[in-house]
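With chain A held as given, fit chain B onto it using these hints.
Number of protein chains: 2
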Amino acid sequence: MKSYPVPLVPGPVTVPEEFRTAYIIDFGSSDLEEDFFSLYDEVQKKLQNLLETDETVVIQSGEAMGALWGALKSVLAPRSRVLAVAAGLFGRGFADMARALGHDVEIVAFGDDEIPEPEKVIDRIRTYRPHLVTAVHCETPSGTLAVLDGIGQATREAGALFCVDFVSSAGGAPLSVDTEFIDLGLLGSQKVLSLPPDLAVTTVSSRAWKAIARTGYVGYDALAPWQEVPHCRCLPYTHNWHALEALRRSLEAIEREGKEAAFERHRLVAAHCRRRLQELGLFLHPRRESYCSPTVTAVRVPDGWTWTDLDRKCRTKGVVFGSSFGDLAGKVFRVGHMGSQARLDLVDRGLDLLARVLDR
Amino acid sequence: MKSYPVPLVPGPVTVPEEFRTAYIIDFGSSDLEEDFFSLYDEVQKKLQNLLETDETVVIQSGEAMGALWGALKSVLAPRSRVLAVAAGLFGRGFADMARALGHDVEIVAFGDDEIPEPEKVIDRIRTYRPHLVTAVHCETPSGTLAVLDGIGQATREAGALFCVDFVSSAGGAPLSVDTEFIDLGLLGSQKVLSLPPDLAVTTVSSRAWKAIARTGYVGYDALAPWQEVPHCRCLPYTHNWHALEALRRSLEAIEREGKEAAFERHRLVAAHCRRRLQELGLFLHPRRESYCSPTVTAVRVPDGWTWTDLDRKCRTKGVVFGSSFGDLAGKVFRVGHMGSQARLDLVDRGLDLLARVLDR
Numbered sequence: 000m001k002s003y004p005v006p007l008v009p010g011p012v013t014v015p016e017e018f019r020t021a022y023i024i025d026f027g028s029s030d031l032e033e034d035f036f037s038l039y040d041e042v043q044k045k046l047q048n049l050l051e052t053d054e055t056v057v058i059q060s061g062e063a064m065g066a067l068w069g070a071l072k073s074v075l076a077p078r079s080r081v082l083a084v085a086a087g088l089f090g091r092g093f094a095d096m097a098r099a100l101g102h103d104v105e106i107v108a109f110g111d112d113e114i115p116e117p118e119k120v121i122d123r124i125r126t127y128r129p130h131l132v133t134a135v136h137c138e139t140p141s142g143t144l145a146v147l148d149g150i151g152q153a154t155r156e157a158g159a160l161f162c163v164d165f166v167s168s169a170g171g172a173p174l175s176v177d178t179e180f181i182d183l184g185l186l187g188s189q190k191v192l193s194l195p196p197d198l199a200v201t202t203v204s205s206r207a208w209k210a211i212a213r214t215g216y217v218g219y220d221a222l223a224p225w226q227e228v229p230h231c232r233c234l235p236y237t238h239n240w241h242a243l244e245a246l247r248r249s250l251e252a253i254e255r256e257g258k259e260a261a262f263e264r265h266r267l268v269a270a271h272c273r274r275r276l277q278e279l280g281l282f283l284h285p286r287r288e289s290y291c292s293p294t295v296t297a298v299r300v301p302d303g304w305t306w307t308d309l310d311r312k313c314r315t316k317g318v319v320f321g322s323s324f325g326d327l328a329g330k331v332f333r334v335g336h337m338g339s340q341a342r343l344d345l346v347d348r349g350l351d352l353l354a355r356v357l358d359r
Numbered sequence: 000m001k002s003y004p005v006p007l008v009p010g011p012v013t014v015p016e017e018f019r020t021a022y023i024i025d026f027g028s029s030d031l032e033e034d035f036f037s038l039y040d041e042v043q044k045k046l047q048n049l050l051e052t053d054e055t056v057v058i059q060s061g062e063a064m065g066a067l068w069g070a071l072k073s074v075l076a077p078r079s080r081v082l083a084v085a086a087g088l089f090g091r092g093f094a095d096m097a098r099a100l101g102h103d104v105e106i107v108a109f110g111d112d113e114i115p116e117p118e119k120v121i122d123r124i125r126t127y128r129p130h131l132v133t134a135v136h137c138e139t140p141s142g143t144l145a146v147l148d149g150i151g152q153a154t155r156e157a158g159a160l161f162c163v164d165f166v167s168s169a170g171g172a173p174l175s176v177d178t179e180f181i182d183l184g185l186l187g188s189q190k191v192l193s194l195p196p197d198l199a200v201t202t203v204s205s206r207a208w209k210a211i212a213r214t215g216y217v218g219y220d221a222l223a224p225w226q227e228v229p230h231c232r233c234l235p236y237t238h239n240w241h242a243l244e245a246l247r248r249s250l251e252a253i254e255r256e257g258k259e260a261a262f263e264r265h266r267l268v269a270a271h272c273r274r275r276l277q278e279l280g281l282f283l284h285p286r287r288e289s290y291c292s293p294t295v296t297a298v299r300v301p302d303g304w305t306w307t308d309l310d311r312k313c314r315t316k317g318v319v320f321g322s323s324f325g326d327l328a329g330k331v332f333r334v335g336h337m338g339s340q341a342r343l344d345l346v347d348r349g350l351d352l353l354a355r356v357l358d359r
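Chains as they are written, first to last, in numbering that gives the first Met the number 0: chain A, 0 to 359; chain B, 0 to 359.
One chain only, chain A, in its complex shape:
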């Protein structure tokens, strides 16, 4: 059992008690009860409001990677052309996944410390004529937030589908699935929604449903069986009632606060975090501050320190930050201020402890 005194890992974030207690209810069978299907319907509507979409929102049991695999497999016919917009690990990960599935893949690559340039992406869409364009809204390992402007529209004009991983931004940054022409929008429960990592959420446009019907993919993560849920009162497996109730509570908390207020809270906490880090003489990883995500801040490991030593010392003081992955491993560490962790007092406590560790 490992609870952090000052939790600043960029997901899974600390789960508020109000959400955790949903799991101590002894629910009946989600296969049998009208109550479960009403709950699914209610949660779907709340997600539609949060993500600004009139399209279906599918809520599957499992971790967010289930949404990524499920989206690619469900819409892509064999040997499709995939254009992966990549300014970081997860952007390149989409390309790796699509290649492993046997598709033809091109990457529009940007630096790990940059965000994609929409014009460059749009040009490549027009020349490559992909079936699917993948993009990542928040590159969690890099601490950046992409600007999607015009990419979705260009994708649609090219007759392709637009698949966006907004796993660690949705709920913490402005996002409109329908306005951005997102056909498949991917979300997990353990980031801004501040829940355990047990649900994978996918927004599915009517265009995506057509592709899904054509592709005919079957499997655990297949989207097809979810088109008529909850109306059909049928599920491809026994759903996780506890997790759905916790998700309802999380979305209700965002509604109580107000979506715009939640975005503003994230923006303010992130700006405060960046300022304090810079005051400590640390350097942000993204090349420009405007590239930084309001949900996670990536900062360079200071000279004279290894990440292992810094992590160990911070833990002895009670604060836990996130490491990074891939090329950034050991070079960058991350402050997760999303969802329940997007709090000035928490970030201040964490950065006070960091200051003591660094003796600054």
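Check before you lean on any hint, since a few could be wrong.
Since the list gives no way to pick out one identical chain from another, each pair is judged satisfied if it fits inside one copy or across any two copies.
Each computed DSSO-like pair below joins lysine-lysine, with the alpha-carbon atoms no more than 27 Å apart [claimed, not checked]:
#, residue 1, residue 2
1, Lys209, Lys316
2, Lys330, Lys44
3, Lys258, Lys45
4, Lys312, Lys209
5, Lys44, Lys1
6, Lys258, Lys44
7, Lys312, Lys1
8, Lys209, Lys44
9, Lys44, Lys316
10, Lys330, Lys1
11, Lys1, Lys45
12, Lys316, Lys330
Please keep in mind that the hints were generated in silico from the structure rather than gathered at the bench.
Below, chain B without anything else, positioned relative to chain A:
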């Protein structure tokens, strides 16, 4: 929120408070902590003891159907030959899944009220020469428990893999994965283990690992990335620490009781349930009492009743039984006495209420 006063649905079963409270712990990140990997290791060992295997046990995030799809997809090369042993809905379901995946499938079929005859199955294995044989230990919708004697050995002699769904029997009925030559043994959390439906468990033999390496399947439910977990300290996604801790508690409870004592409890409760149902003038669905599972009893809906009416009346008294599916829908209902529900007092309360409804 729908908790049943007298819960007798054959899964998801009522989750004891001791297990539910695992979910109100505020765990750290399962991606980062040694504690998590130690827990995974500990839970794997407990499952190896319960299932009597020295082979790997993979614990994935999601519902039990993830284990079924994951097993088929991970080991089967394109256009494999699959022999599905089917004495019920899930047996035939395996065949449907394998067909949907493009494999050549034969079914060794038995009645819904029977159990498979091993000799007949073994004959078909020798003539059909499949790559994979699928079987179902407990056919939950039929309330039967298969006798696997010799099927695994014949499968191995034919050079095939043996995949067994013991989702609703393991922990409640004697079962030895290694003695029965089971290469892929499939289990979910919401049956005998009395947990929410959030984990999919698969035992994987060394022969199955070789097939997995040859097949090269990638996806959310892919088994390949789990071969070196927890030693590699790497996971294909953020795991569900809460669910793993709940599983640890459930397995510990079985250890405290003793595995053999738990089997005996299931056997006694099931026998008691069958006797009382027959005293009420009801008829068991399985053709012979020896076919009945110790975890679930299927009984015919009495003459003069529809299942809808019977279910409604039972619910008004506080007891909830399970319906059935497919050909048995409306004809058969089910008493789930597995795991936390394998209790004489609970079954007695439920059947007392049923007697009042039936006015017998």
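Which earlier hints can't be squared with this structure?
1, 2, 4 and 9
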